[in-house]
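Novice: Residue numbers (our numbering), protein chains in the order written: chain F, 62 to 347; chain W, 35 to 121.
Hints may contain errors.
Calculated cross-link-like contacts (lysine-lysine; reagent style DSBU-like; alpha-carbon spacing at most 35 Å) [what the hints assert, rightly or not]:
1) F:Lys124 / F:Lys140
2) F:Lys93 / F:Lys111
3) W:Lys64 / W:Lys85
4) F:Lys169 / W:Lys64
5) W:Lys85 / F:Lys111
6) F:Lys166 / F:Lys139
7) F:Lys111 / W:Lys72
8) W:Lys72 / F:Lys93
9) F:Lys169 / F:Lys124
10) F:Lys140 / F:Lys169
11) F:Lys166 / F:Lys124
12) F:Lys140 / F:Lys111
13) F:Lys93 / W:Lys85
14) F:Lys124 / W:Lys85
15) F:Lys124 / F:Lys111
Rough simulated footprint, nothing fancy, chain W against chain F, three-plus residues with beta-carbon under 8 Å [stated by the list, open to error]:
16) 103 to 111
17) 121 to 128
Quick caveat, the hints were computed from the structure, so don't treat them as lab data.
Ideal placement from N, C-alpha and C gives every residue a C-beta, glycine not left out.
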Amino acid sequence: MKIQVAIILLEVLLIILALAVYLVATIVQLFKINAGLNVVLPAVGEIVAKTAPVNGVLDAINKNLVTARDALEGLHLKKAGADAAGLVESVFPGEGANFLRRVGKSGKVVNVGTVYTRGVGILASLGRGAPIGAAHTKGPAVRDPKYSTTAASMLYPRPGGARARPKSPVVGREPAHSPYEAAQTPGERPRDPSGGAVEPGAAPQAPPTGGGDVQKQPEAAPPAPAPERITSAKGTRPWEQAPPAPPPSGGGSDGQKQPEAAPPEAPPTSAPGRITTAKGTRPWER
Amino acid sequence: MDPDLALWLMVIILAVVIPVVVVLLIGVLKAASSIPPKIDAIAGVAAAASKDLDAVVVLLTTQNYISQITGSVLNYGGSLNVALPDY
Numbered sequence: 062m063k064i065q066v067a068i069i070l071l072e073v074l075l076i077i078l079a080l081a082v083y084l085v086a087t088i089v090q091l092f093k094i095n096a097g098l099n100v101v102l103p104a105v106g107e108i109v110a111k112t113a114p115v116n117g118v119l120d121a122i123n124k125n126l127v128t129a130r131d132a133l134e135g136l137h138l139k140k141a142g143a144d145a146a147g148l149v150e151s152v153f154p155g156e157g158a159n160f161l162r163r164v165g166k167s168g169k170v171v172n173v174g175t176v177y178t179r180g181v182g183i184l185a186s187l188g189r190g191a192p193i194g195a196a197h198t199k200g201p202a203v204r205d206p207k208y209s210t211t212a213a214s215m216l217y218p219r220p221g222g223a224r225a226r227p228k229s230p231v232v233g234r235e236p237a238h239s240p241y242e243a244a245q246t247p248g249e250r251p252r253d254p255s256g257g258a259v260e261p262g263a264a265p266q267a268p269p270t271g272g273g274d275v276q277k278q279p280e281a282a283p284p285a286p287a288p289e290r291i292t293s294a295k296g297t298r299p300w301e302q303a304p305p306a307p308p309p310s311g312g313g314s315d316g317q318k319q320p321e322a323a324p325p326e327a328p329p330t331s332a333p334g335r336i337t338t339a340k341g342t343r344p345w346e347r
Numbered sequence: 035m036d037p038d039l040a041l042w043l044m045v046i047i048l049a050v051v052i053p054v055v056v057v058l059l060i061g062v063l064k065a066a067s068s069i070p071p072k073i074d075a076i077a078g079v080a081a082a083a084s085k086d087l088d089a090v091v092v093l094l095t096t097q098n099y100i101s102q103i104t105g106s107v108l109n110y111g112g113s114l115n116v117a118l119p120d121y
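In isolation and in its complexed conformation, chain W is listed as follows (with noise of 0.2 Å):
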């Protein structure tokens, strides 16, 4: 092969590889910059859910009341039971 045609077939491929490794960085800056937005809107949706999960200790004091009820109404069953009678 003659040695100049092999350097133009170089310098032709190389123009041909530098527009495409361009595009591809370009599509992976693009995609990291639009991360760092997203992130920081989670973050304050974390916080707020994190700040709303406050209440969930009021589920023990609801857990308490519905057992209080619970027997209370089984207590009133119970009457039911005694006062009326069976079918």
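Chain F extracted, bound-state conformation (with noise of 0.2 Å):
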């Protein structure tokens, strides 16, 4: 054998030796990534499998946000008219040119709340005759910053002023809102307070003041009060119109006894035409 044909057959051996041992260890790779994609597989059909109801559901969401939307929009144009899309640019700027495409129109879109503030701007673009944009956006505020309710109601044109407005009626001054019918006997009892029936010519009762037990007491012939003194619930008392008797002597055993005893003797308090009041019976008072 020639040596060439040794060489070439030296050469052959490592070109397969060199392919087989590559393409083993690239097959135990590819036997790697097998395992791995099945691994990888069923996470990404879960994956699939619960994000499948999300387009029917949001598209349900999108839907039902638009329709609120669109009716809202609606109702907006209704309502505040050609400044709608004004007050719009004034919560959300650069929302009032995508609002006047939204419902169809065209024009300039005119930032309310930049001539007005928030609150005075919704209620006049709300209210009648309202001059929105009158005044130049980039000059001073149409109200008054001190009194800006009273600029809001100036807004609106009133006779008698801003602050004239129709008072509320008073219930019970007219007869008109009397809630009781006119009496047919005006000052006249048909009855007495027992119910037995009042004679025509008879003279007119005192009003009874309460209960039975008060309409009793007038019988009982309450003793008469001194002249001087002021007759009241008051000055019926003991310790207010008893006599004075001699104060008990000192100790401390009785005091639950001065309350029932005699006003003491002449005290300061009890002097006739005087109103004496529990306090001044005391010995520590005295």
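With the hints as a guide, bring both chains together as one complex.
Specialist: Structure follows, in structure tokens:
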């Protein structure tokens, strides 16, 4: 055999050996890839399954929101009129033009919030004859910064000024507002307090002031108070009308009976013509 | 052609081919070896994403709420339509 043939055989052998080694290693890596993909695929399938209803749900949500937005924008356009885009622009800068495009209108969007404060602008635009956009957008605000409510009221023409408002009727002042019917016999009592019929010529009785116990008190003939003293419920108490008695001599043990005992003999507070109270009858006050 | 010369030529060609083949095989092996770690990472991310998507079911509740809120807002708008004067 020639040496050239031997070398060729050796080189071919090396090539086959290299192919075998590296291809086997590559095959091993491919098996690993296959195993990894087997792990990944179920998780991806779960993702696909879980996200499948999202489109439908989001479409339904979007449909609801678009319906509400269209309805509210239509209402806003109906109530605010030509200033609707300006109001939208004042609240959401840049949305006024989009609002106009959505409602199928065109024109220049005047930012109402630049002319008025937000509340005044909204109130004025919802009212009638509001001079929205009357002032320049770069000029001062058309409102009184100190009395903004008055400024808002001044936007509306009202006879008598901004403060002239109709007063609410007071119930009971006028006959038309009285909740009671007019008496057919005013000032006459057909029956006395006990239920008996009153004769037409009899003198009118004093109206009762309370319950049955109170009505019997005038028959008991209470003692007439001293002319100088003030007659009142307070003056009928024993310590206020009984004659002065000798004060009990000292002793702290009979302190409980002191309120029932006679008032002090002549305390400065029990002088005739003055109102005496229980406070002046106590020993430590004498 | 001289047979000896042809044999020597074959020897030279094979000597050049051998390193080229080896380099190519090394590249294929390196590329194949770089794939499994990435697949493992993808598997972890996919599992986490699948777990995160469990909250998608709540979208049904959200859809119900939004439907109710939309109805309330439309009713409110209807009331405003009656209460406020037109422009």
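Novice: Would the hint linking lysine 169 of chain F and lysine 64 of chain W be met if the CA-CA limit is 35 Å?
Specialist: Status violated; Cα separation ~65 Å.
Novice: For the pair supplied as a hint, lysine 93 of chain F and lysine 111 of chain F, confirm whether the alpha-carbon distance does not exceed 35 Å.
Specialist: 28 Å, holds
Novice: Hinted pair, alpha-carbon criterion (35 Å max): lysine 124 of chain F, lysine 140 of chain F. Please report holds or violated.
Specialist: 24 Å, holds
Novice: Does the alpha-carbon distance linking lysine 166 of chain F and lysine 124 of chain F stay inside the 35 Å limit?
Specialist: 23 Å, holds
Novice: Are the Cα atoms of lysine 140 of chain F and lysine 169 of chain F separated by 35 Å or less?
Specialist: Since the Cα atoms of lysine 140 of chain F and lysine 169 of chain F sit roughly 19 Å apart, the hinted pair holds (cutoff 35 Å).
Novice: Would the hint linking lysine 111 of chain F and lysine 72 of chain W be met if the CA-CA limit is 35 Å?
Specialist: 24 Å, holds
Novice: Tell me if the straight-line CA distance from lysine 124 of chain F to lysine 85 of chain W falls inside 35 Å.
Specialist: 28 Å, holds
Novice: Given the hinted pair lysine 169 of chain F and lysine 124 of chain F, is their Cα-Cα distance within 35 Å?
Specialist: Judged against 35 Å, a Cα distance of about 29 Å means the pair holds.
Novice: Quick one: see if chain W covers the region 121 to 128 of chain F, three-plus residues with Cβ-Cβ under 8 Å.
Specialist: holds (count 5)
Novice: Straight-line Cα separation of lysine 85 of chain W and lysine 111 of chain F no greater than 35 Å?
Specialist: 10 Å, holds
Novice: Count residues of the region 103 to 111 of chain F with a Cβ under 8 Å from any Cβ of chain W, then say if the count reaches three.
Specialist: holds (count 5)
Novice: For the pair supplied as a hint, lysine 93 of chain F and lysine 85 of chain W, confirm whether the alpha-carbon distance does not exceed 35 Å.
Specialist: 25 Å, holds
Checked against the numbered hints given earlier, this structure breaks hints 4, 12; the rest are met.
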